[in-house]
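So the sequence lines, in the order shown, correspond to chains A and B.
Throughout the first sequence, residue numbering follows this note's numbering, covering 1 to 416 in sequence.
Throughout the second sequence, residue numbering follows this note's numbering, covering 1 to 106 in sequence.
Don't take each hint at face value.
No more than 30 Å apart at the CA atoms, straight line, and that leaves these computed lysine-lysine pairs for BS3-like [stated by the list, open to error]:
id, chain 1, residue 1, chain 2, residue 2
1, A, K231, A, K397
2, A, K116, B, K92
3, A, K334, A, K53
4, B, K92, A, K360
5, A, K334, A, K41
6, A, K202, A, K89
7, B, K92, A, K334
8, A, K96, A, K202
9, A, K397, A, K334
What the hints contain is simulated information worked out from the structure, not anything from laboratory work.
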Amino acid sequence: MTDTNTIAQTSEGVALDPRIPVLDLDPYADEVIDNPYPFQKALRDAGPVVWLKQYGVYATGHFETAQEAFSDETRFLCTAGVGLTDIRKPGSLRDKNPLMEVEPEIHRRVRSNMMKIMSPVALRGMRERFDARADAIVDTVLQRGGFDAVHDLVEPYILDVFPPTVGITIDPETVLLFGDLNFNANGPFNDLYRGALARVEKHLPAFEDSFRRENMIPGGMGAQMYEYEDKGLFDEGTAFAFVRVLFRGGFDTTIAGLGSALLQLSQQPDTWAWLRANPDRALLAFDEALRHISPFRVSHRVTIPEGCELAGVRLEGDQKMAIFMAAANRDPRKWENPEAFDIHREGLNDHLAFGHGAHKCIGLLLARYEAEALLKAMLRRIERLELAADGAAANYKRINTLRTLAALPVTAEEAA
Amino acid sequence: MSETITVTWILADEQRVTAAVPLGHSLMEAAVSNNVTGVIGDCGGALACATCHVFVESDGFELPEVSRTEEEMLEFAEVPAEDRSRLSCQIKAVPGLDGIVLRVPG
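Chain A on its own, in the form it takes in the complex (with noise of 0.2 Å):
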């Protein structure tokens, strides 16, 4: 799998360092989204860095050093975009985040009035609403018995309970497939991606549409957004983008960390009976399913232009780091056990799924909140909660840098 002759110069005309493995898999194949266990073993056991060769990008699996190129501004930085494609160049999949893919200080005073909208206030404020909805979704299914915990259960509770928050309305008909657009686009332009794309085109204008000032529910976070903008804290014509960022960072993410939750729930009666008993525990199971099967799997960030020393090897200036949180938060390096589902396992809050440093997560506490909701409700009502006979395959979708069920069928006994 590994090249062990190594290069002195890369076809890009990038000088390599001959300390760096040269890795020539492609984490976007098929088969590798369908099973990513082996390519993620194979990319930390070749080295804390390697050189993806098939896309011409550095890339790591390792804990420490996912968290080190997360977290070092000095030497790693947004501004060429966190997909794989650049932003700066013609042929990028994406446009530019102003929140995220921006210089450093720059993204310190945007993030920093961000947090007075989506302050902790503000989600503590929200939170009874977000326990009235799962309440009322759980009893729906629970009548049913026998239910699809992503598409009756997951994918209507985040559904409901997440535009509003925004301060948007959204078509619910067509809102996953932008999910599956945004993830795709994150990674190559594959068929994966124009699939995708082929797929939403039509509905586009309309998805853009819902972010736009006219159509901001009054007092809601995308309303504030918007004075913000017109006060002059936020740029103009930006308020467009962070309320579209915020929407899309949020809403498939938690859906399918929520999924992988229950899948794993579904399959460990005792644990479940555990949280039944400790329910203020609940998010520990939310976040053992983000480190366990981390929804978002790759990031970006791009060296600084005179390059720099990462886990003692030598990388080019301007060039991209693949960081694959899905294999660190996996790495034996850091986690006794990284294949078990443990929601007592030690440091788990330590996961990268929300990524690290200064750009971690901006909507975590509100995917938190919104989690605990659904899982208390279900825990409150759901004596048993188990895989149904023909889940037992669970399988995810194919998309680029997501990973997310496509169907959770379950039974689920109510509580007396």
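Mind docking chain B on chain A? Use the hints.
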């Protein structure tokens, strides 16, 4: 057994909880695993929720500096922050903090 330090929390009702905290653990994690009422840690230590707010009761301990983000987040604490306020997820157990006393806002 990893090495530990002794940390005491004074709760809102003046009750005290004293626990042995393993070196390297944050004082938020320690509070949560010792069921210290009033220290919640909703964000898991990401400096995003201000629910692990404590007042440092004891003098003379050398604490890590308050970062700009911690300062900003303290403004969102439920009980208004004071000079002695810290977010306890930002304080890791190190030998120098053995015997520290924290007050839980309430």
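Task: Broken hints, by number - done: 1
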